[in-house]
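The primary structure of each chain is shown beneath.
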Amino acid sequence: MIFMDRLRVAIVGAGIVGASIARILSSYQNVDILLIDREPDVGWGSSKANTSIIHPCHEEDPRVHPLRAELCLRGNKLWREWVEELEIPAKWPGELMIFTDSDEEKRAREFLELAKMNKVPGVRVVDREELKILEPNVGSVVLGALYAPTAGIISPFEAVIAIVENAVDNGVKLLTETYVEKVRVSSGRVLGVETSRGFIEADIVINASGIYADKISHTAGVELDFKIVPRRGEYVLFDEDVDVKPTKILHTTPIPRTKGVYAITTVHGNLMIGPTAEDLPIDAKEDLSTTVEGVEYVLREARKLLRSVPPKSRIIRMFAGLRPEPPGGQWLIKVYEDPWGFVNVAGIRSPGLTAAPAIAEYVVKLIEDTYDIKLARKNSWSRFRRDMVRVGNKSLEEVDKLIEKNPDYGEIVCICKSVSKAEVLEAVERILKIGAKVTLDGIKFRTYAGFGKCQGSFCRWRIALLISEKLGIPLNEVVVKKSSYGIGDVKMLWREAI
Amino acid sequence: MKILNYDTVIIGGGPAGIAAAIRTTELGLKSVFLENRDVLGGIPLQCVHPGFGLHYFREDLTGTEFITRLIDKLEKTGVEYIVKAYVHSVEYKDFDKKIVNVITPRGVLKINTKTVVFTTGARERHIFEIGVVGDRPDGIYTAGEAQTLMDIYGILPGKEVVIVGSGDVGLIMARRFALEGAKVKAVVEILPYPGGLMRNVMQCLIDFNIPLLLQHTVVKVVGRKRVERIVVAKVDKDLKPIKGTEFEIPCDTLVISAGLRPYIDLLEKLEVVVDPSTGGPVVNEYLETSVPGVFVAGNALVINDLVDYAVEQGELAAEGVKIFIENNGIPTKTWRKIRKGKSIRLAVPHMVSGERDVILYARVSIPEKNVFVEIPEIGFKMFSFGVRPAEMLRLRLGKEMFSKLSDNVNEITLEVKPR
Numbered sequence: 000m001i002f003m004d005r006l007r008v009a010i011v012g013a014g015i016v017g018a019s020i021a022r023i024l025s026s027y028q029n030v031d032i033l034l035i036d037r038e039p040d041v042g043w044g045s046s047k048a049n050t051s052i053i054h055p056c057h058e059e060d061p062r063v064h065p066l067r068a069e070l071c072l073r074g075n076k077l078w079r080e081w082v083e084e085l086e087i088p089a090k091w092p093g094e095l096m097i098f099t100d101s102d103e104e105k106r107a108r109e110f111l112e113l114a115k116m117n118k119v120p121g122v123r124v125v126d127r128e129e130l131k132i133l134e135p136n137v138g139s140v141v142l143g144a145l146y147a148p149t150a151g152i153i154s155p156f157e158a159v160i161a162i163v164e165n166a167v168d169n170g171v172k173l174l175t176e177t178y179v180e181k182v183r184v185s186s187g188r189v190l191g192v193e194t195s196r197g198f199i200e201a202d203i204v205i206n207a208s209g210i211y212a213d214k215i216s217h218t219a220g221v222e223l224d225f226k227i228v229p230r231r232g233e234y235v236l237f238d239e240d241v242d243v244k245p246t247k248i249l250h251t252t253p254i255p256r257t258k259g260v261y262a263i264t265t266v267h268g269n270l271m272i273g274p275t276a277e278d279l280p281i282d283a284k285e286d287l288s289t290t291v292e293g294v295e296y297v298l299r300e301a302r303k304l305l306r307s308v309p310p311k312s313r314i315i316r317m318f319a320g321l322r323p324e325p326p327g328g329q330w331l332i333k334v335y336e337d338p339w340g341f342v343n344v345a346g347i348r349s350p351g352l353t354a355a356p357a358i359a360e361y362v363v364k365l366i367e368d369t370y371d372i373k374l375a376r377k378n379s380w381s382r383f384r385r386d387m388v389r390v391g392n393k394s395l396e397e398v399d400k401l402i403e404k405n406p407d408y409g410e411i412v413c414i415c416k417s418v419s420k421a422e423v424l425e426a427v428e429r430i431l432k433i434g435a436k437v438t439l440d441g442i443k444f445r446t447y448a449g450f451g452k453c454q455g456s457f458c459r460w461r462i463a464l465l466i467s468e469k470l471g472i473p474l475n476e477v478v479v480k481k482s483s484y485g486i487g488d489v490k491m492l493w494r495e496a497i
Numbered sequence: 000m001k002i003l004n005y006d007t008v009i010i011g012g013g014p015a016g017i018a019a020a021i022r023t024t025e026l027g028l029k030s031v032f033l034e035n036r037d038v039l040g041g042i043p044l045q046c047v048h049p050g051f052g053l054h055y056f057r058e059d060l061t062g063t064e065f066i067t068r069l070i071d072k073l074e075k076t077g078v079e080y081i082v083k084a085y086v087h088s089v090e091y092k093d094f095d096k097k098i099v100n101v102i103t104p105r106g107v108l109k110i111n112t113k114t115v116v117f118t119t120g121a122r123e124r125h126i127f128e129i130g131v132v133g134d135r136p137d138g139i140y141t142a143g144e145a146q147t148l149m150d151i152y153g154i155l156p157g158k159e160v161v162i163v164g165s166g167d168v169g170l171i172m173a174r175r176f177a178l179e180g181a182k183v184k185a186v187v188e189i190l191p192y193p194g195g196l197m198r199n200v201m202q203c204l205i206d207f208n209i210p211l212l213l214q215h216t217v218v219k220v221v222g223r224k225r226v227e228r229i230v231v232a233k234v235d236k237d238l239k240p241i242k243g244t245e246f247e248i249p250c251d252t253l254v255i256s257a258g259l260r261p262y263i264d265l266l267e268k269l270e271v272v273v274d275p276s277t278g279g280p281v282v283n284e285y286l287e288t289s290v291p292g293v294f295v296a297g298n299a300l301v302i303n304d305l306v307d308y309a310v311e312q313g314e315l316a317a318e319g320v321k322i323f324i325e326n327n328g329i330p331t332k333t334w335r336k337i338r339k340g341k342s343i344r345l346a347v348p349h350m351v352s353g354e355r356d357v358i359l360y361a362r363v364s365i366p367e368k369n370v371f372v373e374i375p376e377i378g379f380k381m382f383s384f385g386v387r388p389a390e391m392l393r394l395r396l397g398k399e400m401f402s403k404l405s406d407n408v409n410e411i412t413l414e415v416k417p418r
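Heads up: the protein sequence lines correspond to chains Z and S, in order.
Positions 0 to 497 (numbering that gives the first Met the number 0) are the ones given, in order, by the first sequence.
Positions 0 to 418 (numbering that gives the first Met the number 0) are the ones given, in order, by the second sequence.
The shape of chain Z in the complex, shown without the other chains (with noise of 0.2 Å):
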């Protein structure tokens, strides 16, 4: 057995991965942990930009993916709690997998193999005139669905931010704008990692870096060969009031390659259809753009599940996520002996959201296993983090009183999504609490600020001007996502060019 006094854990990436292994470590005594980020924010990777979807696991075979599928059920259960203790937003309406044709049901009967194998209670296929009570919003080509009860829907940028917030709490560092260039290594030993603030000492590296974890490992002089690609998703987003919203989880059947196109209604009540699967150049991993052909295939494949569609001109956001796709599908978790001290948490493609709270016991507890090192329970970690106070949330009643005690609930400067300068002011506060970068894209993330119809054409001024009082900064320097909201003062060019 190793003796340390104190274990010195530096996670690298802040994804839902790398925030989950966090929230977890931080349940135990005499670990320092650290979390690092690329991003001015946590959860801006892969986690930001997905399908938001708790998978029932049936679709993961156990002969295949034997972790993978274990991880995932594990998941399944452990978001249950997880989502109340940290009061994430959630539902679980369950899912249909849509079949429209022999093959289509063919496929989706192999699922109900899989189901049983894997022990997903409720499977089961339901004809044409069952699904149609279970969903009337669905297509008139259906001929049936693989029924799966227990799917759910989360907010998957709002699960990362809370389980930091809940990890700060419990004693996590965050470190954001952080660019880990290398692993150092020394005589068989992590020693940490080598940042763009500087050397950063550590025991145990964890590789939670998602799409850049090819590199990292790389770095740490371990997997050479192993390769993440570039899968690109994009999604497009309707607005709040279109007639066609279905309560349950719909997709068609899924191929080898990619689970299918999902028609949803996100917990914040928008439809959201998508994604497509597309693999990029192994070196494209900041192509977040969006493409005429995506958008028009998921619209298409979104006809099969919907009864309609709206219109185009109904869209209120298209967007495009990168999913780490590893060699093979098979996710890399493993603790090196040599360089002893690296983990990799690498290639957790899909279902890595479902996984990622189980990914983070079994990451823990191989860590102990491998490392042979016993973890002592902390006697004052908190599970619990308390969402923002919501006036869209809230009845008349409950936000009258809200402003008894802080008139700042009752000024609203989102029309669209109804919300107050309080929220947006805790929102900062929440903000730099966790030690990352105040951004309006980071205000509309914890506020929903921005989510609606204008889409912040009428408020991001106005969060901007609360933002540059709250820093006393000056407003053109508030960070919208990257850079800055203004590049000077009117007279600026002018006096330049004199």
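Hints may be right or wrong, so weigh each one.
[Unchecked claim] Keeping only pairs whose Cα atoms sit at most 25 Å apart, straight-line, the calculated SDA-like set for lysine to any residue is:
#	chain 1	residue 1	chain 2	residue 2
1	Z	K452	S	S88
2	Z	K490	S	T61
3	S	K268	Z	K214
Calculated from the structure, these hints are not laboratory results.
Since chain Z is already given, all that's left is putting chain S on it; use the hints.
Chain S only, in chain Z's frame:
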């Protein structure tokens, strides 16, 4: 929660709302005027260019001057108003009873009222609504947002700018950027003709040597952190991009000025009938919607190109409120529908009685020269050297014109005919 009682509640503190509030107060109605922001005035506050008030004040004023004068008049009239007042919902209880639920920093107000006037203005169409794909970097603004930053807060959004849309707002913003020393690389317009007033094309683009790319569209945005360039293509007659005609324009800023839509979320929740051609509610000649006692004016009714029209509509709705309250509804024998005939894209109001004079606002669907604008049923005929979609037609129809119309005619047709 405070409970208040009024004859009318006017929602939205821009020009139409101010005009409606002044008029209802002058007419002796107990009215309250609500604005969500901390100041009255709405969009003209940020319009430092002239062209405001030529009809109403018979002077060429800037938006800021115009609205200041209007607010002065409001203060003198003694209108009761509340700023930082957010209308959460409007409940329809009865023909003469609605409840307006308002959130303010001083608590929630429940306002019982006989009538409501919506002057909530418009919102801008954003980049996703017009189908632009590609990256989603910083440096993309709607025209109104860019204007707020520049002319209220003195912030320059960027220095190499492309503007999408040649409506008046887009043209004016092109000039604003040019005046501050920014390079406006192009104004991109999908249609074969500019969307704004001719005077604005002259004064904002030609005078500043800003290229106008007609029949072009932005197909893609490229940029990691901030906009780096955009890809533009020519479009065919169905407005679809033509393959192979794409070219790039390097820029750091993209301003979307792709048109306005009436912002009528609350009215939609009240289930008013909406006209797809205006995006606003269907109204009668007093600008009353399909929900009794609920009125609408200004850009929430129809996108106007002159502030004077919004003001005129606000006053008209105020008069409608007075008549509604006095008569327990707008008294009319028959409503006659305005049918959109040849080349007419939209017309407001949608229903007229013929019992009083009425002003008709309309837009044509295509530019035409030397034409007659006609309503054959009542013998209305007006010659025009040219009609353009950008320029709203404002027609005054005297009630005497309707006198020869028999009672069973329930539709009159507005149309454009060649000379």
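Check whether the Cα positions of Z/K490 and S/T61 lie no farther apart than 25 Å.
20 Å, holds
Given the hint that Z/K452 pairs with S/S88, does the C-alpha gap stay at or below 25 Å?
OK: Z/K452 and S/S88 at ~17 Å, within 25 Å.
Taken at face value, is the distance from the CA of Z/K214 to the CA of S/K268 at most 25 Å?
52 Å, violated
Violated hint for the displayed structure: number 3, the only one.
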